[in-house]
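Single-letter residue listing:
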Amino acid sequence: MSADTSSVQAARERSGPRPPMRLAERRLAVIGYFATVYKRIWRGSIIGRFLSPLLFLLSMGLGLGSLVDSSSGGVDGRSYLQFVVPAIVATQAMWVAMGESTYQVLAYIKWNRMYESMLATPLSVADVLLGHLLAVTGHLVLATTIFVAVAALFGAFASWWVLLAIPVAVLTGLAFTVPIFAYSARQEGDDGFNILYRLLVTPLMLFSGTFFPVDQLPAVLRAVAWVTPLWHGVELCRAAAYASFSPLADAGHLAVLLLYVGVGWVLARRSFAKRLVR
Amino acid sequence: MTDPRQAVPRQPVADDVLVRARGLVKTFGEFRAVDGIDVTVHRGEAFGFLGPNGAGKSSTMRMVGAVSPVSGGELRIFGLDPATDGPAIRARLGVVPQADHLDEELTVEENLWIYGRYFGLSGRQVRERARELLDFAQLTERARHKVDSLSGGMKRRLTIARSLINSPEVLLLDEPTTGLDPQARHILWDRLFRLKRQGVTLVLTTHYMDEAEQLCDRLVVMDHGRIVAEGSPRNLISAHSTREVLELRFDLDDHRDRLDDVDGVGERVEVLPDRLLVYVDDGDAAMSAIAGRGIRPLSSLVRRSTLEDVFLHLTGRSLID
Numbered sequence: 001m002s003a004d005t006s007s008v009q010a011a012r013e014r015s016g017p018r019p020p021m022r023l024a025e026r027r028l029a030v031i032g033y034f035a036t037v038y039k040r041i042w043r044g045s046i047i048g049r050f051l052s053p054l055l056f057l058l059s060m061g062l063g064l065g066s067l068v069d070s071s072s073g074g075v076d077g078r079s080y081l082q083f084v085v086p087a088i089v090a091t092q093a094m095w096v097a098m099g100e101s102t103y104q105v106l107a108y109i110k111w112n113r114m115y116e117s118m119l120a121t122p123l124s125v126a127d128v129l130l131g132h133l134l135a136v137t138g139h140l141v142l143a144t145t146i147f148v149a150v151a152a153l154f155g156a157f158a159s160w161w162v163l164l165a166i167p168v169a170v171l172t173g174l175a176f177t178v179p180i181f182a183y184s185a186r187q188e189g190d191d192g193f194n195i196l197y198r199l200l201v202t203p204l205m206l207f208s209g210t211f212f213p214v215d216q217l218p219a220v221l222r223a224v225a226w227v228t229p230l231w232h233g234v235e236l237c238r239a240a241a242y243a244s245f246s247p248l249a250d251a252g253h254l255a256v257l258l259l260y261v262g263v264g265w266v267l268a269r270r271s272f273a274k275r276l277v278r
Numbered sequence: 279m280t281d282p283r284q285a286v287p288r289q290p291v292a293d294d295v296l297v298r299a300r301g302l303v304k305t306f307g308e309f310r311a312v313d314g315i316d317v318t319v320h321r322g323e324a325f326g327f328l329g330p331n332g333a334g335k336s337s338t339m340r341m342v343g344a345v346s347p348v349s350g351g352e353l354r355i356f357g358l359d360p361a362t363d364g365p366a367i368r369a370r371l372g373v374v375p376q377a378d379h380l381d382e383e384l385t386v387e388e389n390l391w392i393y394g395r396y397f398g399l400s401g402r403q404v405r406e407r408a409r410e411l412l413d414f415a416q417l418t419e420r421a422r423h424k425v426d427s428l429s430g431g432m433k434r435r436l437t438i439a440r441s442l443i444n445s446p447e448v449l450l451l452d453e454p455t456t457g458l459d460p461q462a463r464h465i466l467w468d469r470l471f472r473l474k475r476q477g478v479t480l481v482l483t484t485h486y487m488d489e490a491e492q493l494c495d496r497l498v499v500m501d502h503g504r505i506v507a508e509g510s511p512r513n514l515i516s517a518h519s520t521r522e523v524l525e526l527r528f529d530l531d532d533h534r535d536r537l538d539d540v541d542g543v544g545e546r547v548e549v550l551p552d553r554l555l556v557y558v559d560d561g562d563a564a565m566s567a568i569a570g571r572g573i574r575p576l577s578s579l580v581r582r583s584t585l586e587d588v589f590l591h592l593t594g595r596s597l598i599d
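These protein sequence lines map, in sequence, to chains A and B. Start counting the first sequence at 1; every next residue gets the next number (the numbering used here). Start counting the second sequence at 279; every next residue gets the next number (the numbering used here).
Think of the hints as simulated: they come from the structure by calculation, not from any bench. Beta carbons: idealized from backbone N, C-alpha and C, even for Gly. Any given hint might turn out to be false.
Computed, partial: chain B to chain A, Cβ under 8 Å [unchecked claim]:
#, residue
1, 348
2, 351
3, 352
4, 365
5, 377
6, 398
7, 399
8, 532
30 Å max Cα-Cα, derived DSBU-like pairs, lysine-lysine [unchecked claim]:
#, chain 1, residue 1, chain 2, residue 2
9, A, 110, A, 39
10, A, 274, A, 110
11, A, 274, B, 474
12, A, 39, B, 474
All chains, please: the whole structure from these sequences, using the hints.
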């Protein structure tokens, strides 16, 4: 520790005016809370993260896959396992995003009011929001990495490029997480979350080219896939897993995902400020 | 471009004035929760907001805590404007909210460590400070227990310990003992006295008059967002009430029927649903006078005036309904 930081630290301990906290310090302080919570629950959480890819691989990849492969010789010239698993990587990120961004956010606002106790300190609404989003990003990285590692053992990927699917899936997760934070911060109870699961997440999982190519959908549903994040994440993950990239299309997919994150951020800032600063 | 705030000349704030509010207003839509109050809190004093639920105490506290924007008037904390210097103000405050807001799944010490980090304290600093504060809050033996295993009084003490992690100059306590049993309240009061002796300025809200009398050097009585009286508990009582109160209960539904019986005995009579309060300087003499009229109440009691009587006199209502 340099003399400079240690004198700042000493001044923070004393009564009286305090040296302001740097941006990184504020964000790390919030992440510190989530890390402490995770230290307590990580065992149960990790088991779930391993279990979910295993169940998917066994049922979809191997069970359904053997049926598809024997009757139609796979999809697009690949085994069904290699077709479906990269898509599931993106879809799982969506589910993780839902799990971490709905009840959790409302709980911190309303039930244990953790945000409120953070805001009584020098931290700002943006610190609290971004710190929590970074914690969810951590969950997404962990869940996606475990999923890809487990699926790789089953030969679900054709190329090492699949490693790129990890950041892509995390981005897909964030394209859901950030707008859902904005949505959750406007809820009074959990009814709104049921609507989200029924009308958004479940349909998207089924109709975003996850289990079969979107060309087989009627035009209306195809349009839904185009304007929502999951299909773009699925396409990018597949491109990475197949190591077959098409720059223009991929850039388009990336742009849509980033747009969801960006617009979501503006909306989430607004919802959080509206709810927490009264 | 000129900053509109620069146009107003900065008023010199004496170092010992920690909170200064002038014409402070808080509105929620049409509703004026705080309706133009003036408050000055000096370093080292214990200052109270006394009033019933909905009087505007908590809204005032949240503005002073620099978490709720001011709707009108002027507010300075440590001479700083909460609209522009919120983080610098909050760095020097300790806040004990009405509900504890602890993380029940984490341990007692983890709750303190995490909170200390929010103020930019290092890991070493929060551990050291947490040790001292657990001792102060008489929770050292519980340090590694999960919060959800603590009693209500212990949780409250932990919340107070947490609020002290940054060595605040002002401690804001919103209804610090609401919901605690009498023994837990006395332990808490004792801790707050110690803090005051250490020079921490206490600002608290309460709807318990005994708490206000125990803890506050000075207080304001609030009703409907306004301040209706101000002073030390003793001054308020002598200004707005008599030395003693004679309480009379009769066996009837409406105690107003007996108003004539006590006419002229005291300075003033208040009618409650279940009794009459006769304000007098000498309660025993008043009782004899009533007995002399041949009136036999079901029960009678002579007691000293309290802030409850002040509130009743000023607003015509009880503090706790």
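Hint check: 8 Å Cβ-Cβ cutoff, residue 398 of chain B to chain A: 4 Å, holds
Quick check on the hint: residue 377 of chain B CB to chain A CB, less than 8 Å? 7 Å, holds
Hinted pair, alpha-carbon criterion (30 Å max): residue 274 of chain A, residue 110 of chain A. Please report holds or violated. 14 Å, holds
Given a cut of 8 Å on the nearest C-beta pair, is the interface hint for residue 365 of chain B held or broken against chain A? At 4 Å from the nearest chain A Cβ, residue 365 of chain B passes the 8 Å test, so the hint holds.
Hint check, residue 351 of chain B versus chain A [nearest Cβ-Cβ separation less than 8 Å]: This hint is violated: residue 351 of chain B lies away from chain A, its Cβ roughly 17 Å from the closest one there, beyond 8 Å.
Tell me if the interface restraint on residue 348 of chain B is satisfied: Cβ within less than 8 Å of some Cβ in chain A. 12 Å, violated
If you take the shortest Cβ to Cβ gap from residue 352 of chain B to chain A, is it below 8 Å? 19 Å, violated
Holds or violated: is there a CB of chain A closer than 8 Å to the CB of residue 532 of chain B? With Cβ-Cβ at 43 Å, over 8 Å, it is violated.
For residue 274 of chain A and residue 474 of chain B, compute the direct alpha-carbon distance and say whether it is at most 30 Å. Not OK: residue 274 of chain A and residue 474 of chain B at ~36 Å, beyond 30 Å, violated.
For the restraint on residue 399 of chain B, tell me whether the closest CB of chain A is nearer than 8 Å. For residue 399 of chain B, the interface hint holds, since the closest Cβ of chain A sits about 6 Å away, which is under 8 Å.
Take the C-alpha atoms of residue 39 of chain A and residue 474 of chain B, compute the straight-line distance between them, and say whether it is at most 30 Å. 37 Å, violated
Given the proposed pairing of residue 110 of chain A with residue 39 of chain A, does the C-alpha separation stay at or below 30 Å? This hinted pair holds, its Cα atoms lying about 23 Å apart.
Checked against the numbered hints listed earlier, the structure breaks hints 1, 2, 3, 8, 11, 12; every other hint is satisfied.
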